[in-house]
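Engineer: Knowing the structure of chain A, use the given hints to seat chain B on it.
Protein chains in written order, with my numbering: chain A, 198 to 355; chain B, 373 to 532.
The hints are simulated quantities; they were obtained by calculation from the structure and are not laboratory data.
Mixed in with the good hints, there may be bad ones.
[What the hints assert, rightly or not] Chain A stretches covered by chain B per the calculated footprint, using a threshold of three residues with CB under 8 Å from any CB of chain B:
no.: 1; region: 210-219
no.: 2; region: 245-251
no.: 3; region: 284-297
no.: 4; region: 342-352
[Stated by the list, open to error] In silico EDC-like links for lysine to aspartate or glutamate, alpha-carbon gap of 16 Å or less:
no.: 5; chain 1: B; residue 1: Lys518; chain 2: A; residue 2: Asp278
no.: 6; chain 1: A; residue 1: Lys347; chain 2: B; residue 2: Glu463
no.: 7; chain 1: B; residue 1: Lys518; chain 2: A; residue 2: Asp274
no.: 8; chain 1: B; residue 1: Lys527; chain 2: A; residue 2: Asp271
no.: 9; chain 1: A; residue 1: Lys348; chain 2: B; residue 2: Asp430
no.: 10; chain 1: B; residue 1: Lys431; chain 2: B; residue 2: Asp388
no.: 11; chain 1: B; residue 1: Lys518; chain 2: A; residue 2: Asp271
no.: 12; chain 1: A; residue 1: Lys347; chain 2: B; residue 2: Glu462
no.: 13; chain 1: B; residue 1: Lys527; chain 2: B; residue 2: Asp398
no.: 14; chain 1: B; residue 1: Lys518; chain 2: B; residue 2: Glu443
[Said to hold, decoys possible] On the chain B side, residues computed to face chain A include the following (Cβ under 10 Å):
no.: 15; residue: Gln396
no.: 16; residue: Phe399
no.: 17; residue: Thr434
no.: 18; residue: Arg460
no.: 19; residue: His476
no.: 20; residue: Ala530
Backbone N, C-alpha and C fix where the C-beta goes; we use that ideal spot for every residue, glycine too.
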Amino acid sequence: MIDDLDRALIVATQGGLPLVPRPYHAIAEQLGLSADEVMQRLRGLLAAGVIRRIGAVPNHYAIGWTANGMTVWDVADDQVDELGARIGALDFVTHCYRRPRALPAWPYNLFAMVHGASRDECSAKAEEIRTLLGAACRASDILYSTRILKKTGLRLGA
Amino acid sequence: MRESAAPKGGLNDAIDRQILACLQGDFPICERPYAEAAAQLGISEDELLQRLERLLADKVLTRFGPMFQVEAMGGAFVLAALAAPESRYEEVTALVNALPQVAHNYRREHTLNMWFVLATETPDGIAEAIARIERDTGLTVHAFPKEREFFVEMKLEARL
Chain A
198 MIDDLDRALI
208 VATQGGLPLV
218 PRPYHAIAEQ
228 LGLSADEVMQ
238 RLRGLLAAGV
248 IRRIGAVPNH
258 YAIGWTANGM
268 TVWDVADDQV
278 DELGARIGAL
288 DFVTHCYRRP
298 RALPAWPYNL
308 FAMVHGASRD
318 ECSAKAEEIR
328 TLLGAACRAS
338 DILYSTRILK
348 KTGLRLGA
Chain B
373 MRESAAPKGG
383 LNDAIDRQIL
393 ACLQGDFPIC
403 ERPYAEAAAQ
413 LGISEDELLQ
423 RLERLLADKV
433 LTRFGPMFQV
443 EAMGGAFVLA
453 ALAAPESRYE
463 EVTALVNALP
473 QVAHNYRREH
483 TLNMWFVLAT
493 ETPDGIAEAI
503 ARIERDTGLT
513 VHAFPKEREF
523 FVEMKLEARL
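Excised from the complex, chain A in its bound form (with noise of 0.2 Å):
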């Protein structure tokens, strides 16, 4: 859990570090804290697993991974954990996560992010998956994204 001074450092940084040679210097001028006091509390919090890693997010249209599809599985409830893990564990797989199916529309329980240069890279990446999951699959879809709408990650409320 965070406290009210860890808050306001999410809200002072969840926008981006000030592009200024002492950035954490900057933070705490703005916070009314030390430079020691800030950068002591954000290593707190990357060790605690609140900052994941602090450093570039990149458009990944922008740098040349122009087709992302979100790979969609419908696999048997009893073999779903095992599998999920060996998905997750390929190493072109960015995320891997089993989620609720929304019957009837929605049948799919296992979703796996695959991102390439073109779309066949992604339905290649996709067969992939599909071999691994053999039998235990008896449906599956890619959604490729067509348009990045929002990207800006988490914004508290000032």
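Structural biologist: Below, chain B without anything else, positioned relative to chain A:
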């Protein structure tokens, strides 16, 4: 950004690509972090700052800073989708994106043609945000909360 459109600006050279490859994590927490990162890239602090500014302005980067895991701070993170009629797509997009709780939103090719991620400070915030979107749009929102996470690591190197 539309998939078919060529990215404007983009990655200019090997140093931009190296920034992408090396700086998607592990940005230092120290007095002069840009200077430290720049030294590893073999460029000056000033050049790194200028390049980051340009990559952000050209929308090659959507952000530079901490990436948060809202669940670790007691909040919730849920994937949701709706089927927006084509004739109302722009209007529905504006209504959905207006909520600060919507962290990401993608158009996808499916009857469920709008897929977004809700990130809220408390678990209750998810149901509130979904109710608000359903009220504002008049459309049904399907929530797909994760039941199990097998892997998450969104680091993609430049392909250009």
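Engineer: So, Gln396/B near chain A? Judge it on the closest CB pair being under 10 Å.
Structural biologist: holds, 5 Å
Engineer: Within a Cα-Cα threshold of 16 Å, do Lys431/B and Asp388/B meet the stated pairing?
Structural biologist: holds, 13 Å
Engineer: Is the straight-line distance between the alpha-carbon of Lys518/B and that of Asp278/A 16 Å or less?
Structural biologist: holds, 12 Å
Engineer: Three residues or more, CB to CB closer than 8 Å: is that satisfied between the region 245-251 of chain A and chain B?
Structural biologist: Per the Cβ count (7), the hint holds.
Engineer: Given a cut of 10 Å on the nearest C-beta pair, is the interface hint for Arg460/B held or broken against chain A?
Structural biologist: violated, 14 Å
Engineer: How about Ala530/B: closest beta carbon in chain A under 10 Å, or not?
Structural biologist: holds, 4 Å
Engineer: Are the Cα atoms of Lys518/B and Glu443/B separated by 16 Å or less?
Structural biologist: Satisfied, since the Cα-Cα distance of roughly 12 Å is no more than 16 Å.
Engineer: Verify the interface restraint on Thr434/B: the C-beta must sit less than 10 Å from at least one C-beta of chain A.
Structural biologist: holds, 5 Å
Engineer: Run the distance test for Lys527/B versus Asp398/B: straight-line Cα separation, threshold 16 Å.
Structural biologist: holds, 12 Å
Engineer: Taking only the CA atoms, is the gap from Lys518/B to Asp271/A under or equal to 16 Å?
Structural biologist: The given pair, whose Cα atoms are some 15 Å apart, holds under the 16 Å limit.
Engineer: Could you grab the alpha-carbon distance between Lys347/A and Glu462/B and see if it respects the 16 Å cut-off?
Structural biologist: holds, 12 Å
Engineer: At least three residues with a C-beta closer than 8 Å to a C-beta of chain B: is that true for the region 210-219 of chain A?
Structural biologist: Satisfied; 9 residues make the cut.
Comparing the model with each earlier hint shows violations of hints 8, 18; every other hint is respected.
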